[in-house]
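Student: Turn these sequences into a full structure, and let the hints guide you.
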Amino acid sequence: MTDQEITMEKKSIFTPFNIISAIIIIVGLVLTYLRFTKGLGAVTNLDDTNPWGIWIGFDLLTGVALAAGGYVTAAAVEIFGMKKYHSAVRPAILTGFLGYSLVVFALLYDVGRPWRLPYPFFISQGVTSVMFEVGACVALYLTVLFLEFSPAALEWLGLKKLRSLIVKLTIALTILGVVLSTLHQSSLGAMFLLAPSKLHPLWYSPYLPVFFFVSSIAAGLSMVLFEGTLAHRHFRHKMDEAHLAEHDNLAFGFGKAAALVLAGYFAIKIFGIALGNNWHYLSTPYGLWFMLEMLGFVLLPCFLFAIGTRDRNARLIRVSAFITVFGIFLNRINITLIAFNWQLPWDERYFPSWMEIGISVFVVTVGLLVYRFIVTKMPILYEHPDYKQEH
Amino acid sequence: MTVSRRRFLEWVAAAGVGTAAASSAKAAHGEFSGYPDSYGVLFDATLCLGCRSCEKACNEVNKLPAPGKPFTDLTVFDEKRRTDYRTFTVVNRYNDTGADKPVYRKIQCNHCLEPACASACFVGAFKKTPEGAVEYDASVCVGCRYCIIACPFNIPAYEYNEALTPRVMKCTLCLPRLREGKLPGCVEACPVEALTFGRRKDLIAIAHEKIRKYPGRYIDHIYGQHEMGGTSWMYLSGVPYTKIDLRTDLGTTPAPEFTSGALAMVPMVIGLWPVLLGGIYKITQRKEKIADAERRQEVANAIAATQGEADAKARAAAEKFQKEKERAVDMAVKKALADADKEKGKEGE
Amino acid sequence: MTDSIHTLQEFMFHTKGILYILAIGFLIGFTWFWRFLHKYDREE
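Residue numbers (my numbering), protein chains in the order written: chain A, 1427 to 1817; chain B, 325 to 673; chain C, 40 to 83.
Quick caveat, the hints were computed from the structure, so don't treat them as lab data.
Worth double-checking, as some hints may not be accurate.
Here are the simulated BS3-like pairs of lysine-lysine, each with C-alpha atoms no more than 30 Å apart in a straight line [unchecked claim]:
{"hint": "1", "chain 1": "A", "residue 1": "Lys1682", "chain 2": "B", "residue 2": "Lys611"}
{"hint": "2", "chain 1": "A", "residue 1": "Lys1586", "chain 2": "B", "residue 2": "Lys613"}
{"hint": "3", "chain 1": "B", "residue 1": "Lys668", "chain 2": "B", "residue 2": "Lys658"}
{"hint": "4", "chain 1": "B", "residue 1": "Lys606", "chain 2": "A", "residue 2": "Lys1682"}
{"hint": "5", "chain 1": "A", "residue 1": "Lys1803", "chain 2": "A", "residue 2": "Lys1594"}
{"hint": "6", "chain 1": "C", "residue 1": "Lys78", "chain 2": "A", "residue 2": "Lys1510"}
{"hint": "7", "chain 1": "B", "residue 1": "Lys606", "chain 2": "A", "residue 2": "Lys1510"}
{"hint": "8", "chain 1": "B", "residue 1": "Lys404", "chain 2": "B", "residue 2": "Lys534"}
{"hint": "9", "chain 1": "B", "residue 1": "Lys611", "chain 2": "A", "residue 2": "Lys1510"}
{"hint": "10", "chain 1": "B", "residue 1": "Lys567", "chain 2": "B", "residue 2": "Lys393"}
{"hint": "11", "chain 1": "B", "residue 1": "Lys534", "chain 2": "A", "residue 2": "Lys1586"}
Covered by chain A, according to a simulated footprint, are these stretches of chain B (three or more residues, beta-carbon under 8 Å) [stated by the list, open to error]:
{"hint": "12", "region": "475-484"}
{"hint": "13", "region": "594-600"}
{"hint": "14", "region": "608-620"}
Keep in mind the model is a prediction, meaning the values are calculated, not measured.
Ideal Cβ placement from N, Cα and C applies to all residues, glycine included.
Tutor: In C-alpha cells form, the structure reads like this:
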C-alpha cells in the first residue's frame, strides 16, 4: 500500500467498523422505540417462568464481572504498590467505568419502569434484598469509577486544580472501590441463593457469593489483558513509551496472578461439589456441561497462563485471557439461563429473541464508540505532557 | 416500622423464655411464629370437581380481562396452565395420579409466612399482612422481576405487554374483601367446599381432623404446613403431592434464610476491608520508604566509596610522585656527588 | 412480647436497615480515624 493510500484510508470515516456500527446504532434506536412503545413482550422472549434473559445474564452479570479490571488493577498498583503496572491503571479504570455505565444503560431496557430505578434508594428501601445491596454498591461504585476516571478528562480539559484535588483522593477511592466491588460482585452471586429449587445443584452452592467474587478477579485480570491486546492493535499510535514497554511485562505479571486465582477458583468449586455431595450429577448431561465449563474454561486457561508466564510467552497468555473472558461469560449465562429452570421441559425454556440480541449488541457498540472517542482524545494510553512528573 | 429499643430487648428476652408459652402456629425455623390470627385457605384435592367456578369468580372480583377461552370451556384441561398477567388462579387436571379418576388442583399464590418475593424485592413492594395475605404494591414496583425468580411456586406473572405501566400480577387473597368481612371470591364460589377459609391454625386442626377421620382418603401430610417455612394456603390430597404438581423437594427453610448468610457478610466486609487494605497500603508505603532509603544509602555509599577510592588514588599518586621526586633528587645528588668525585679524581692527577 | 416483629422478614428488615446506616457511618468515621492516626505522616 502506498503512503498516499494509507493517508487517504485514514481520513475516510467510512471504515468497515464505522459502517457496521452505524447500522447497529440505527437498528438499536428502532428497537429502543419498540421496547418503550410496545413493551418487553414485543421485543423479548421473556415470560412468566423465565423473567430474566440475556440482558441480565450477559449485559448485567457478565458486564459487571468483566468490568472488574478497574478495581483489581487499581488495587494492585495503589494498595499493593506494584508501580510497574501503572500504565495499565487508566485503561482498566476506563473499561470499568464504561462497563458499569453500560450495565446501567442495559438495565434501562430490562427493568419494567426504569425511571423508578432511584426508588430503592429514596422512596422505599427493600433492605432484606440482596439486589438492594447490589444496586446500592453499583451506584456508589459507578461514582467511584467516574471520579477515578475524571483526572484523564480533566487533564484533557486543562482543569489542573480540580484534577490534582481528585488525584489526592486516589487511595481512598481505591480502597472504597475494592470494598464496593467485593460486595456487589459477590452479591450478584448471592442473588441466586434465593432460588435453590431452580438452579442446578452443580452451580447452586452456599458458596455462590465467593465463586462470583473470586471469578471476578480472574475476569478483571483477563479483561485488562484482552483489552490491552485489542488496544495495542488498533490504538498503538496513541500509546506512549511506557505503555508500549510495559505491554509484555503486564502480560507476565497479570498472567501469573490469573493462573493463581483460577487455580484457587477451580479448587473451591470442587470443594463446593463436595460440600453438597453432588458428585453424582457429574455423570449427567448437565454434569458434562459443567465439566466443560470447569475444565475447558477454568483449568485450561489456568495452565495456559502458568505455562505462558513460566516460558515468558506473552502470546499464550493473551490467548488464555480470551478463553477466560469467554469462560466468565459462559459461567454467568449458565447460572442465569442454562442451569436455571433446568428441571423444566425444553418447550418451557428460554432462548433470546433476535431483538434482545440486537439491543445487547447495540449497547456494546455504544460502549466501543465511547471508548474509542475517549482513548483517542484523552490521556489514557499515554501520559499528558503537563503531568509527566507523577510516578 | 419502628421498634423501640426496650420493646426489642423485651422481645429478645421473651424469645428465649417464651418457647413454652408460644402458640402452636410456629414457623418452621426458630423464634418467629408469624401473625397469630392470620387467615389461610385449605384446599381439598379430593373434593375439587374442576368446574372452574373459582377461576370465574376470581376474574370477576379482580376485574381482570376476559380470558382466551370462557370459563365454561373444559378443554383447557388438556394442557397444563399457569397463572399469567390476567389469571390469578388456574385449575389443572391431573390424569396419571394413581387415583381412579382425574384429580384437579387449584394453583394460586400460597401467601407464604416468609415470602420469597418479599425477601427478594429491593423496593419492599411485597408485604406479609397481619391478615395473612402477601400484598403487592404496584406504586413502588420498578419491574425488575426478581420476585418471579425467587418464588419457588412460580406464581407471580408480569404484564410484559404493558409498555409503561407493567405490573406483577398475582392472587391477593382478596385482601380488600377480607377487610370488609367477606370471603375470598374463589372460596365463596366453590360449590363443593373444596376451599375452606379460616384462621391458619384452625385450618391445620381441621386438616388433621380430616386425615384422622378418613385415613384411607388422604396422604398424611398437610402441604404448606411447613414447606418454605409454612404457607397460608394449604393443601390436602389423596394422591402424592408430586402428582398434582406440588414440589416436595422445597424443604422447610423460610426463603429469607437462604440469603441471610450472604447479607450478614456485608457489614463484615465494610468493617474489615478498609482496615485490611489500609494496613496493606501502609505496609507497602513503609516498604517503599525503606527501599527508597536503602537505595539512597547505597548511592551515598557508592559515592563515598568512589570518593574514597579517588582520594586514595590521589594520595597514592601524590605519594608516588613524592617518592619519585625524592628518588630523582637522590639520584641527582648521587650523580652530582659522583660527578664531583670524578672531577676531584681528575684534578688529583 | 412486642407486637411489631412477627416474621423473619420483618426482623431482617429492621436489623438490615440499622446495619446499613451503621455501615455508612463506619466508612465516614473510619476516614476521619485514618487521618487522625496519620496526622504526622502527611507532609501537608
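Student: Going through the numbered hints above, which ones does this structure break? Give me the numbers in ascending order.
Tutor: Of the numbered hints, just 11 does not hold.
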